[in-house]
Amino acid sequence: MIEFKNVTKIYDNKVYALSDVSVNINRGEFVFLVGASGAGKSTFIKMLLKEVDPTKGKIIVAGTDLANIKRKNVPYYRRKIGMVFQDFRLIPTMNVYENVAFAMRVVEASHRDIRKRVPIVLGLVGLSNKYKAFPNELSGGEQQRVSLARAIVNNPSILIADEPTGNLDPETAQGIMELLNDINRAGTTILMATHAKDIVDNMRKRVIAIEKGEIIRDEQRGGYGYED
Amino acid sequence: MSKEVDTGMKISTTKHFLADAVKSLRRNRTISTAAVATVATTLFILGIFLLALINANKGVLQLQSKVEAQVFLKDSITIDEQKEIENKLNTIEGVTDVTYESKAEALEKVKESFGEENKGLVEGLEKSNPFPSSYIVKVSKPEFVSKVRNTIKDMAGVEEIKDAGKLIDKITAITKTIKIFGLALFIVLLGVCLFLIGNTIKLTVYSRRREIGIMKFIGATDWFIRWPFVFEGMIIGLTGAIIAVGLLYGAYKYTFTKLPVEVILVKLVTPSYVLAYISWEFLLLGMFIGALGSIWAIRKFLTV
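For the protein sequence lines, the chains are A and B, in the order given. Once you know that position 200 of the first sequence is 199 in numbering that gives the first Met the number 0, the rest is easy, because the numbers rise by one and skip nothing. Once you know that position 294 of the second sequence is 293 in numbering that gives the first Met the number 0, the rest is easy, because the numbers rise by one and skip nothing.
Heads up, a few of these hints could be off.
[What the hints assert, rightly or not] Each computed DMTMM-like pair below joins lysine to aspartate or glutamate, with the alpha-carbon atoms no more than 25 angstroms apart: (1) K299/B to E50/A; (2) K129/A to E210/B; (3) K45/A to D221/B; (4) K131/A to D221/B; (5) K102/B to D74/B; (6) K49/A to D74/B; (7) K22/B to E97/A; (8) K71/A to D19/B; (9) K49/A to D79/B; (10) K299/B to E136/A; (11) K22/B to E136/A; (12) K45/A to D74/B; (13) K71/A to D74/B; (14) K69/A to E210/B; (15) K79/A to D221/B; (16) K14/B to E50/A; (17) K22/B to E107/A; (18) K299/B to D11/A; (19) K79/A to D74/B; (20) K14/B to E97/A.
What the hints contain is simulated information worked out from the structure, not anything from laboratory work.
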């Protein structure tokens with residue numbers, strides 16, 4: 000599903016963000032991406048979204064070499080990927096329903112499809128009774144659920160979560176992880192960058208550790224492996 | 000697939016875009032008003048120049064349509080020389096009419112033009128009438144005037160040839176100046192317009208940059224992101240244009256009715272011309288300026 004072949008990224012200031020990284024993530028996998036801040040996790044994710052291009056090497060996602068995607072077709076490529084962030088990134092002037100519907104409007108879904116699909120997805124994340132609430136009226140966990148709903152509403156084949164539990168208390172974080180697990184079991188490939196040792200150790204999924212731009216560990220059913 | 004030409008437009012989404020545009024115009028009321036005022040001023044000034052040009056051109060055309068040359072004859076002219084000139088005039092291409100005006104008739108004309116109260120000035124001139132006899136030569140097109148001049152000027156008995164060429168040249172020169180000056184002013188004002196519209200849109204873009212970021216990672220196309228801002232610019236431009244057309248119509252109508260009849264040498268375009276023709280051009284131009292200003296303003300925010 001996701002394939003990095005000898006990917007190196009050097010930024011303008013001659014910093015090696017990633018050096019010669021090769022990794023293969025299969026369809027339906029759940030992968031944790033761990034490593035200290037500045038280790039290269041963000042660059043890894045940005046390259047997946049084609050926000051930055053590799054200096055050397057190849058990235059192939061769902062059979063497409065990202066180097067071959069023209070600038071104007073990048074939006075269509077990004078629709079295959081759902082994104083969840085630590086800070087939720089909801090639109091404050093829109094209520095829960097509108098925030099999720101907005102993602103469908105962007106891809107120009109019909110009104111009928113939007114009306115049908117949004118309630119289903121909000122049901123999936125457990126927000127069936129909060130349609131009309133605005134983000135500032137919700138708890139962090141609820142906001143993250145909205146952002147998860149928005150990420151999956153267009154049925155992406157890959158879900159990238161960048162520190163999705165970073166702003167949440169352990170109990171709420173656990174709820175989000177269960178949701179991610181459900182989404183994964185439904186067939187979506189999940190890549191989650193995180194610093195949450197407990198979560199990684201509990202889930203026992205594949206762990207890819209990056210340090211100074213290199214993959215230093217890649218193990219199935221792994222643990223966090225750092226003592227913070 | 001229509002991916003290639005996809006501009007993110009659909010009837011249902013258009014409604015959202017328009018609503019977004021109106022919302023943010025309300026939010027940035029002050030600068031939006033300034034932008035509208037600039038567009039209105041620019042188009043109003045452009046309109047004044049346009050009307051001046053159209054009227055000047057009309058004047059030239061009307062003058063050209065009744066061009067004639069007057070061939071003045073020497074007092075010492077012989078009958079044979081005069082006959083020869085008349086025959087020659089009638090053979091020149093483009094000449095439609097040749098009328099003889101005797102010395103007496105010329106004097107009569109001058110008397111008439113002086114009117115009753117100034118009659119005394121020309122009295123007593125009958126004895127030594129200073130006015131020459133002449134042929135008034137009408138031609139079908141202005142360019143034939145010079146032909147008449149060139150053919151006749153060296154013939155015996157010809158004193159002088161006069162035509163409206165100089166006046167036409169003068170009006171043409173004035174028209175040219177108006178054109179250049181108007182164009183320069185228009186370009187400067189257009190720049191100001193684009194700048195102010197651009198800045199208005201930038202405010203909106205800035206207040207919504209988070210939303211733009213979200214749209215991008217969701218997979219919105221550039222045009223999907225752009226449209227609400229383009230609409231905003233177009234609304235500014237359109238509003239400015241409507242105000243400009245209204246002002247121009249009012250101002251021209253007022254001027255038109257105040258002009259003394261004698262001053263209107265040529266038939267001027269009527270005020271309704273402003274509504275019938277200039278209005279559409281201005282409305283389109285206003286929307287175009289608005290759209291251009293906003294596209295320019297958001298280009299930076301769309302990279303990546």
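Cross-check of the supplied hints:
1. K299/B to E50/A: holds, 15 angstroms
2. K129/A to E210/B: Holds, because 22 angstroms separates the two Cα atoms, which is no more than 25 angstroms.
3. K45/A to D221/B: holds, 19 angstroms
4. K131/A to D221/B: violated, 29 angstroms
5. K102/B to D74/B: Distance of about 9 angstroms is within 25 angstroms: holds.
6. K49/A to D74/B: Outside the cut-off at roughly 95 angstroms; violated.
7. K22/B to E97/A: Status holds; Cα separation ~17 angstroms.
8. K71/A to D19/B: Holds, because 24 angstroms separates the two Cα atoms, which is no more than 25 angstroms.
9. K49/A to D79/B: violated, 97 angstroms
10. K299/B to E136/A: violated, 33 angstroms
11. K22/B to E136/A: It holds: about 23 angstroms lies between the C-alpha atoms, which stays within 25 angstroms.
12. K45/A to D74/B: violated, 99 angstroms
13. K71/A to D74/B: Roughly 85 angstroms separates the two Cα atoms, so the pair is violated.
14. K69/A to E210/B: The hint holds at about 24 angstroms.
15. K79/A to D221/B: Measuring from Cα to Cα gives roughly 17 angstroms; hence the hint holds.
16. K14/B to E50/A: It is violated: about 30 angstroms lies between the C-alpha atoms, which goes past 25 angstroms.
17. K22/B to E107/A: holds, 21 angstroms
18. K299/B to D11/A: Within the cut-off at roughly 20 angstroms; holds.
19. K79/A to D74/B: violated, 100 angstroms
20. K14/B to E97/A: holds, 15 angstroms
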